[in-house]
Amino acid sequence: MNHSLLQVRRLTKHFPVDGGWLRPPRHVHAVDDISFSLKAGESFALVGESGCGKTTTARLLAKLEKPDAGSMLFDEQEVAELSGPALKQYNRDVQMIFQDPFESLNPRRTVRAILRQPLLNHDAAEKGEIDETVVGLLNQVGMEPGEIFMDRYPHQLSGGQRQRIGIARALTLKPRLVIADEPVSSLDISIRAQILNLLKALQAQHDLSYLFITHDLGVVRSVCDRVGVMYLGEIVELAAVESLFTTPLHPYTQALLSATPVADPVKARKRRRIILEGEVPSALDPPTGCRFHTRCPYSEKRCVEEKPALRELHPGHTVACHFAGDVGVDAAAD
Amino acid sequence: MTTSADTIDHRSSNRGPQWRAIWGAFSQNRAVPIAGSILLVLVLLVLFAPVLAPYDPYALGSGSRLGGHSFRNLMGVDNLGRDVFSRILWGGRVSIFVGFSAAFATTVLGLFVGTISGYLGGWVDDILMRLTETFMVIPRFFLALIIVAFFGANIWNIILAISILTWPVTARLVRSEFLTLRTRQFVDAAHVIGTKRSTIIFREILPNAIGVVVVNASLLTAQAMLLEAGLSYLGLGDPSLVTWGRMLYEAQPFLRQAWWMAVYPGLGIFLSVLTLNLLGDGLNDVLNPRSSEIHRTGL
Amino acid sequence: MNANAENRNGLLRVSDLRTYLDVPSGVIKAVDGVSLEVNRKEAVALVGESGSGKSMTALTIIRLQPVVARILSGEILLNDVDLLTLDTASMCDLRGTEIAMVFQDPMTYLNPVMRAGAQVAEVVLEHQEVSKGEARSQVLDAFERVGIPSPQRVYDSYPHQLSGGMRQRVLIAMAISCRPSLLIADEPTTALDVTIQAQIMDLLAHLREELQNALFLITHDIGLVAEHCDRIYIMYAGQIVEHADTFTLFAEPKHPYTEGLLRSTLSPDKRVEVFETIEGQVPNPTDMPSGCRFHPRCPHVKDVCREESPPSLDLGEGRMVACWLYE
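Protein chains in written order, with this note's numbering: chain A, 1 to 334; chain B, 1 to 299; chain C, 1 to 327.
I should point out that these hints are in silico values taken from the structure, not numbers from a laboratory. Virtual Cβ for every residue (Gly too), placed ideally from N, Cα, C. Among the hints, erroneous ones may be present.
[What the hints assert, rightly or not] For lysine-lysine, the following BS3-like pairs were computed, each having C-alpha atoms within a straight-line distance of at most 25 Å:
no.: 1; chain 1: A; residue 1: 66; chain 2: A; residue 2: 88
no.: 2; chain 1: C; residue 1: 270; chain 2: A; residue 2: 200
no.: 3; chain 1: C; residue 1: 41; chain 2: A; residue 2: 270
no.: 4; chain 1: C; residue 1: 29; chain 2: A; residue 2: 267
no.: 5; chain 1: A; residue 1: 66; chain 2: A; residue 2: 127
no.: 6; chain 1: C; residue 1: 270; chain 2: A; residue 2: 39
[To be verified] Chain B residues, not near chain A, derived (Cβ > 12 Å throughout):
no.: 7; residue: 40
no.: 8; residue: 100
no.: 9; residue: 135
no.: 10; residue: 181
no.: 11; residue: 186
no.: 12; residue: 187
no.: 13; residue: 196
no.: 14; residue: 210
no.: 15; residue: 234
no.: 16; residue: 240
no.: 17; residue: 284
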C-alpha cells in the first residue's frame, strides 16, 4: 500500500484575539499554510516547541477546530465536507490519544463507562458483548486481567495505567489513523518506554498509522518513520527520520537536535552545540521573511525580506531555508 | 508486557470515589456530622408532626391564653390559646417545605439556563446572561413583596417568587462550571469518539458540575427559608397556613408577656439556616474538585 | 578521590537523612536514609522519577520541607555546620548567602503583584547592608550576568509579562545575587522548551565557572545529567541506590534500576526498535515493599532481596551501590 492516507494541503488556522474596541482584532498565526502527507501504516511526527502549531494541527484533524483555509484529505475525501455516514465513519477512523492522562479521563466515570462510550456512540458492538469487548481491550493494552480494572475510577490508577486506558479508548473503534498528542511526555521515564512499546506493538497488530505530536526528538527517532519540523506555525523541514537525524538541513532543526539531551556523556560532551539566542517571537506578529531569522545564526538580509520556499534538497527531504545545503549551514550538521 | 495489578490506591473499593471521599472528609470535619444530625432531627420532627403534635395547631383553647410552659403545653400557649409546640411542628413543616421546594425549583431552572448558556456560548450565552443580570439588579425582597401583593399570598406564589428571584445566581454558577469543564481534555476526548451532544452534557460535564450545584442548593434552602420568614413576618405570608415566620409576626405584640411565642419559631429558623449553611460549607470541602484533589494527592 | 581531598573540598555532607510525611492514608517515607556529598565547585546530580523523594531531599537540605514533614534522623553539614541544629533566623541568613535554590516552576516562587527587579532587590537588601540604589545596581548586574537581554525592562516588569525562560533567569539571578557556594536546582528546565532548556543549562554552567559555586541538580532527565554533571546519585523510592561519577555510571551501571533507567531512556542519537523496560510501576509510597524496594520490578531478584534491604556497598573509587547482587 503506497497511497496517502492523509494529505494536508496549505492548512491554515488563525485564532482571533480581541483587541477591545480601540484596536482592530489581531490574529495568532497558529498554523500557517502547512502541507504534509501520511501513508497508510506510517508513523509521521510533527515536532516543535510550545506554540509552534503542532497541537492545533492535531485538533484540526480531529475536528476539534475548524480550519480557516486549506484542505485535509483523508482517503481522498475532504474532511471539512464530510457529513452523515461519511462523517461518522471519519469519527471512527481517526482517533486521538491525549497528552495528560490525568486530564483526558473523566474523573467521575469508571473505566467501564469510559471504554463503553465509543462503542455505544457507534453501535460498534452488540449490547451483550460490550463488556467482553472492553475486557478484551484492557487485556490488549496490558491491563491484565481486564476485569479487575472495569469498576475503577481514574484516580485509582497510576499515570501509566491511565494512559493505557486512553490508548484503549482510541482503539475501541478500530481506527486507521491515531493522532497521539505528546502521549508520553507526562509519564516517568520507566513508564514511557512501556507505553511506546505498546504503541509500536499495537501499530503492527492493527495496521495503524500514527500522527505523533511531540517536542521530544528522542521519541521521534525511535518511533517514527517521517518527520515534519514546525516553527511558529510553519513546517520548516520535512524528511525521513534517518535523513533528518543524520543530515539536518534547517538551522532550526540543527539547533533543536543539538539542544536535545543525549543520554551518553561521551557523545554529549563531544558534539557541537548550537545554543539559540533569544526566544520564539510572538505568533501574534510573526517576523517577516523567514520566521526563524530573528534567532538564526546564519541570518542575512535576504532572510528578513524573502520567505524561503520548501525545496527538495535530497529525495524526500525538503527544507525551507535559503541557504540550506550551503557550506556554512551544512557544517553545523554532525 | 504486563502491568502489575497493584494500583496507587490499595484500599479503594468499587463504590466509587465520591462516597469514600465524603466519608473521609466528614470524619475530619466535625461541624458537618453535627449540623447534619440537627437538621435530620428537625426534618424528622416536622415530618412526623401529625403523630407528634399533641393538638391541632389551629385549635383555639388548647391551653390558657398566653400560658407558660407546662406538661400540657411544652412550649407554652399563644395569645389565642393555641399550643406553641404543635404550631412549631406544623409551622416548621411549611417553612422547611417552602425552603426545599424553592431551592429545588431554583436549581432546576438554574441548571437548565446555566447549561444551555455555558455549553452553547456565543449569542445564546450573551442573551441569557443579560437576562440573569436583569433579574439580579432588581432588589429581591421588593420584587417578592410585589409578586405576593399582586398574585395573592398563597404558598405556591411565595415559592414561585423566591425561585424567580434566586435562579440567576445558580444559572451563572452552572454556566461558569460548564465554561471551564467544556474545554477540559476529557470533553475533547468525548468529541473525538463521536459522542452526542446530549451525552456530553449529561454524562461528561454535568456530573463534574453537580458538586457545586448541591452545595449551592443547600445554601439556597436556607436563603429561601429566611425570605419566606421575612415575607410572613411582614404579614405577607399565606394566611391560611402556620409558618415560623408567621408565628414571629403574630408574636410581635406579646414579646413582653409571652417570650415563648417568639423564641421557639426564631430558634427553629436559626437552627435550620445555620445547619444548612454548615452543611453547605462541609459539602463544598468534599465535592469541590480542587480541595478534594489536595486531599487525594496527600500533600 | 581519597578521604583527605574530600575533606578539603567538602561543602555539603548529608548523612542518614530521614524525612517522613504524615498524610491521611499513613506515613510516606519520602527520604529514608539518604547520604550524599557535594564538594566545592562540583556539579552533582540527584536523579529519580516522580515520587522518588528527590525534591523532598532538596527541600529538607534547605529546610523548606512542608509542614507535614518530620525529620527523623540525619545530619546536614554545610561547611561543617549542621543545618538541622540551626534556629530559623540563622537558617534564613544562610539561605541566599551560602545556599540557594532554583525551582521547577518559577511562577510559583515569584510574587505576581511585585515587579521582578524589586523582588530580587529585596533578597539583596535582606542579606547585605547596602542602600536601595546599590541593591538596584547589583540586581541589574545579576540580570546581565544571567543573560537577560534588557535588564532595565525586566527589572520593571511583572512576572506575568515575562516568558517562562525569562522568569527562570530572574529566579536564578535571585539565587546567585549573594553568591552562594551551593546552588540547588530542582528540575530547573522541566517546564521549558528544549532550546530554552539548553540556554538555561548553559547559563548554569557559565555561572559555575564565574562564581565558583557548586551545583546540586535534581532531575528526572538522565540525558541532561550526562552532559552537565560530574557525579550522579540515583534515587529510588526514598533511597539512594547507586552513586558514581558520570562516565562510569553510564559506561557500567551496577544497580538493576539504573540499568533499566538508562536502557529505557530515549535518546535522539540512536534508533531503538523495542525498548527494554522496567516492568511494573513505582511502589505505593505509604506501603513500600519489604526488603529491597526495587525487588518487585527487578529482573535479578533473589530470596534475600525480598526479606532484607541491601546494604550500601562501597565498590571503591567513590562508587556505591545498594544491591544484593554485589554482596
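Going through the hints against the structure:
1. For the hint pairing residue 66/A with residue 88/A, the CA-to-CA distance comes to about 17 Å; that is within 25 Å, so the pair holds.
2. Simply put, residue 270/C and residue 200/A have alpha-carbon atoms about 17 Å apart, close enough for the 25 Å limit, and the pair holds.
3. Proposed proximity of residue 41/C and residue 270/A is supported: the alpha carbons are some 22 Å apart, at most 25 Å.
4. Distance check on the hinted pair: residue 29/C and residue 267/A sit about 37 Å apart at the alpha-carbon level, beyond 25 Å; violated.
5. Proximity of residue 66/A to residue 127/A is assessed by CA-CA distance (about 34 Å); at most 25 Å being required, the pair is judged violated.
6. Under the criterion of a C-alpha separation no larger than 25 Å, the hint pairing residue 270/C with residue 39/A is consistent with the structure, at around 24 Å.
7. With a minimum CB-CB distance of about 27 Å to chain A, residue 40/B clears the 12 Å threshold, and the non-interface call stands.
8. At roughly 25 Å from the closest C-beta of chain A, the C-beta of residue 100/B stays outside 12 Å, upholding its exclusion from the interface.
9. Against chain A, the non-interface label of residue 135/B holds: every CB pair exceeds 12 Å, the least being about 27 Å.
10. Its beta-carbon lying about 10 Å from the closest one in chain A, residue 181/B breaks the requirement of being farther than 12 Å from that chain.
11. At roughly 4 Å, the least C-beta separation between residue 186/B and chain A is not larger than 12 Å, which violates its mark as non-interface.
12. Against chain A, the non-interface label of residue 187/B is violated: not every CB pair exceeds 12 Å, the least being about 8 Å.
13. Listed as outside the interface, residue 196/B is inconsistent with that label: its C-beta sits roughly 7 Å from the nearest C-beta of chain A, within the 12 Å cut-off.
14. With a closest Cβ-Cβ approach of about 9 Å to chain A, residue 210/B is found to fall inside the 12 Å limit, against its non-interface label.
15. Chain A leaves residue 234/B outside its interface by the beta-carbon criterion, the shortest separation being 44 Å against a cut-off of 12 Å.
16. Consistency note on residue 240/B: stated as away from chain A, and its beta-carbon is indeed over 12 Å from all of that chain's, at 45 Å minimum.
17. Every CB of chain A is more than 12 Å from the CB of residue 284/B (nearest about 17 Å), matching its label as outside the interface.
Checked against the numbered hints listed earlier, the structure breaks hints 4, 5, 10, 11, 12, 13 and 14; every other hint is satisfied.
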